[in-house]
Amino acid sequence: MSTTEIDRQWTTRLRKRVEGKLPPEKLLPDTQPAYVASWIYVFGVATLSSLILVIATGTLLAIRGPIWWHQSSIGHFVNSLHLWSVEIFFFSMIIHLWGKFFMGAWRGGRQLTWMTGVVTFVVSIVTGLTGYVSQTNFDSQWISTQAKDGINATGGGAFFNVLNFGQMLMWHIVLLPIAAVILTALHVLMVRVKGVVPPYEDEKKVAQ
Amino acid sequence: MNWLGSIINLDGYGHYLHWHFILVSVANLIVVGLMVITFVAALFLPFPGKGRRKENR
Ligand code: HEM
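Sequence lines, in order, name chains R and W. Numbering follows my numbering, in which position 57 of the first sequence is assigned residue number 57; successive positions increment by one, without gaps. Numbering follows my numbering, in which position 35 of the second sequence is assigned residue number 1035; successive positions increment by one, without gaps.
Be a bit skeptical, because a hint or two may be false.
[Claimed, not checked] Within a straight-line C-alpha distance of at most 27 Å, the following computed DSS-like cross-link-like pairs (lysine-lysine) qualify:
(1) 204/R / 1050/W
(2) 148/R / 1050/W
(3) 26/R / 16/R
[Stated by the list, open to error] Label-pair distances were calculated between CB atoms; the ranges are:
(4) 88/R / 1023/W: 42 to 52 Å
(5) 8/R / 1044/W: 51 to 61 Å
(6) 1029/W / 193/R: 35 to 45 Å
(7) 1031/W / 19/R: 39 to 49 Å
(8) 56/R / 1021/W: 38 to 48 Å
(9) 1015/W / 125/R: 18 to 28 Å
(10) 1048/W / 193/R: 20 to 30 Å
(11) 165/R / 1036/W: 48 to 58 Å
[Unchecked claim] Selected chain R positions facing chain W (Cβ under 8 Å, derived; list incomplete):
(12) 37
(13) 38
(14) 39
(15) 40
(16) 43
(17) 94
(18) 95
Hints in this document: simulated from the structure, not taken from any laboratory. For glycine and all other residues, C-beta sits at the position ideal for the given N, C-alpha and C.
Isolated chain W (complex conformation) (with noise of 0.2 Å):
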């Protein structure tokens, strides 16, 4: 990981956001979007194999 090191210096202090009392880290906000978005591409992705699966209803 020592490659990922000299991208983003992982040293100093953490940064963070601050509106009134809402207080996040980006290191948080940025695993809440990478959510947001695996969530949106689950549901539109295609699913492999969704044509030939048999029924049971």
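One chain only, chain R, in its complex shape (with noise of 0.2 Å):
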């Protein structure tokens, strides 16, 4: 193979572009700007660890099922362990968004950056309400049977039935955590391409 037929391979081209746009030292860099040294920083990590827990103990949930998770105390432990994590999860997340809102982090091309944020977000909460409804006891029943006039008056209870419990157990353990992982990855890969936003006062200085 010629060279030029080389460089026009897309495996080729795909390594170029990666390399181009994330270099291992804008992956992982060793320093960061000053003004990345607050606590406001801290709180996408928390969320990242947070979601790590929430996945960790939802493992272990599906591993026995739900008669251990309501009847043995590691069961409900493990139980209680998964709801608390998510409890820090939205907390956490909340402060996050709320930092980045004030700080304006989408400017400098970081939109992508914050529509993965607003997307991951919305994903959360549905992953949320199929958690509640997927508990089995008459908590979950309750919530159903509310939710499901609030779904159908939009129309969406048609494919979307918080009463059938085998629909709502898969989107919760299965295509809702995907898309959740999967778009906190990009989210957190975004991040990294562009680099954390200047402050408002120092944009000028770095625009020059």
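Quick one: dock chain against chain with the hints and give me the complex.
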């Protein structure tokens, strides 16, 4: 194969593009700009850490099943870890969102970082709802019978039926977690590609 | 967590605040308040090791 032929291969082109956009020193940098030394930057990683806990405890719940999480004390414990990791996940995600909103962190071509965040937020809310209706207790019965009226009022109930336990469980433990993890990976990669957004007052200096 | 149950009775009905179309449970309002406090604290509390950090700008 000639060099021009090699250059035209899609594998070569893909590798060069990835290398250009995300060299290793950008993917895992040694230092960060001075303004990153603030607690507000910790909440993205806090969200990420709690997401990892949510997935790990959810995996344990899936392995052992509902009888275990309702009837054994270790099952109750893992169930509680799952719930409280979700609480911390939403808590830190919302503080993260407020921080990025007031920093205007979508500036300088970071729209995709912001928008993947927005979509992850929406996906997380639906994951929360399907989780509540997958508990297999009176709480989940109550929530699903209330939610069906709201969703039917939008017409969505025809294909997203909160009274269909099998459908809700599979959305909760398969489809939505996969979506959330992929979106989060893209989100964090976008942050690494673009670098951390400079504060408003430094924007002009950076642009020069 | 039994000690917490003895301070706050978690067995009864939930408590709600209601103004016109705004309806919020006291529990949710407490969580929102904690988020606001944490947000403000994150902005103003000093970050450890700030002075020693190397800059790459
Ligand atoms: C699963 C949920 C999320 C995870 C795990 C996550 C994680 C992160 C991490 C680790 C960072 C870099 C560190 C930092 O600046 O805090 C970051 C940056 C960012 N996040 Fe999120 N995030 C999530 C949701 C959101 C949401 C809901 C929004 C807003 C709608 C958002 C907007 C942003 C923006 C704009 C940046 C870039 C900041 C910059 O370039 O300086 N994120 N995120």
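Tested hints:
1. 204/R / 1050/W: holds (24 Å)
2. 148/R / 1050/W: Violated, at roughly 51 Å.
3. 26/R / 16/R: holds (15 Å)
4. 88/R / 1023/W: 42 to 52 Å: About 25 Å separates the Cβ atoms of residue 88/R and residue 1023/W, which means 42 to 52 Å is violated.
5. 8/R / 1044/W: 51 to 61 Å: Once the Cβ atoms are compared, 56 Å apart, the range 51 to 61 Å for residue 1044/W and residue 8/R holds.
6. 1029/W / 193/R: 35 to 45 Å: The hinted range 35 to 45 Å holds for residue 1029/W and residue 193/R, with Cβ atoms some 39 Å apart.
7. 1031/W / 19/R: 39 to 49 Å: For residue 1031/W and residue 19/R the Cβ distance comes to about 45 Å; the hint holds.
8. 56/R / 1021/W: 38 to 48 Å: About 40 Å separates the Cβ atoms of residue 56/R and residue 1021/W, which means 38 to 48 Å holds.
9. 1015/W / 125/R: 18 to 28 Å: Cβ of residue 1015/W to Cβ of residue 125/R: about 24 Å, so the range 18 to 28 Å holds.
10. 1048/W / 193/R: 20 to 30 Å: holds (29 Å)
11. 165/R / 1036/W: 48 to 58 Å: Given range 48 to 58 Å: violated, Cβ gap about 37 Å.
12. 37: With Cβ-Cβ at 4 Å, under 8 Å, it holds.
13. 38: holds (5 Å)
14. 39: holds (4 Å)
15. 40: holds (5 Å)
16. 43: Cβ of residue 43/R sits 7 Å from chain W, so the hint holds.
17. 94: This interface hint holds because 6 Å falls under the 8 Å limit.
18. 95: holds (5 Å)
Going through the hint list in order, the structure does not satisfy hints 2, 4, 11.
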